[in-house]
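Chemist: Spelled out, the chains give:
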Amino acid sequence: SQQGEEDPQALSIQEGENATMNCSYKTSINNLQWYRQNSGRGLVHLILIRSNEREKHSGRLRVTLDTSKKSSSLLITASRAADTASYFCANGDMRFGAGTRLTVKP
Amino acid sequence: GAGVSQSPRYKVAKRGQDVALRCDPISGHVSLFWYQQALGQGPEFLTYFQNEAQLDKSGLPSDRFFAERPEGSVSTLKIQRTQQEDSAVYLCASSYKVLDYGYTFGSGTRLTVV
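Line by line, the protein sequences are chains A and B. First residue of the first sequence: -18, per the numbering used here; consecutive thereafter. First residue of the second sequence: 17, per the numbering used here; consecutive thereafter.
If you're looking for bench data, these hints aren't it; they were derived computationally from the structure. Quantities reported herein were computed from a predicted structural model and do not represent experimental measurements. Take every hint as true, because none was put in to throw you off.
Distance condition first, Cα-Cα at most 20 Å in a straight line; then the derived EDC-like pairs of lysine to aspartate or glutamate:
1) Lys7(A) / Asp72(B)
2) Lys113(B) / Asp74(A)
3) Lys73(B) / Glu84(B)
Just chain B, with the same shape it has in the complex:
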């Protein structure tokens, strides 16, 4: 596609519910990042993929967070047993090259845990 697509655009989850957030990067893009952005804050790094390999997951806040990119294209960020502190915008970004190129961001998924 022409850009990075994230779905759903908005998600309301009850506390304790599992959610799955999807990122469709630009076709052929090798690098893919996930970020968590709280209101008024900068994007906080969660995890990084190069093709299907998850090379860095040091930013995932707990073992409730899991990300995958099995075929090196679409990626899914899964949050199990959601908590209120998980409420944030989750951003996905992709790039054709590895770590030395501008990244294209999706519009994000706004997750609200009630």
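So here's chain A without its partners, still in its complex pose:
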């Protein structure tokens, strides 16, 4: 990929469970962003975490950043069927990985 890898490639969980997705990146960053994409639609910005931040919350989303390991994680708590989508991380240069496809079963 252009900037790194998301892990896992696919994740299937039951509604109400938590979902964790990981992202590794290759180059130094000023910030890292997470986006969601529903099938056949454009990407929607979820959250941006800056390189001097270690954790950030937004509603049911929690993002962590470990610059020493060049990695980030996205946690979605109490998942809903509507969270079913592909999730992508992007480095500060707006380069994306291949994404994690999340399926939340009702």
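Following the hints, complete the assembly by docking chain B onto the known chain A.
Modeler: Frame of chain A, contents of chain B only:
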């Protein structure tokens, strides 16, 4: 407008035909990106504009691909002599600030080359 608008929504082109894809970013947005997304893959960077200046075109796959943003607002991605491997969704994204802000994406143009 309220969001990033891309047109056409769908385009079918015969191999060898030239196509032009349009992106209307949110008014006042400085940064603009173009991406190519194949089915089941992440968006692949094509090119980046800051106002009218094309600062990075390293992702354009060949000299058949050309992008412009002459007045720093509307952008056009042109593909000459389309090939079947050009079939993909082309996404445009814009942001008010430069590279340190969340981006707003359009819904994309799905190009099918037959």
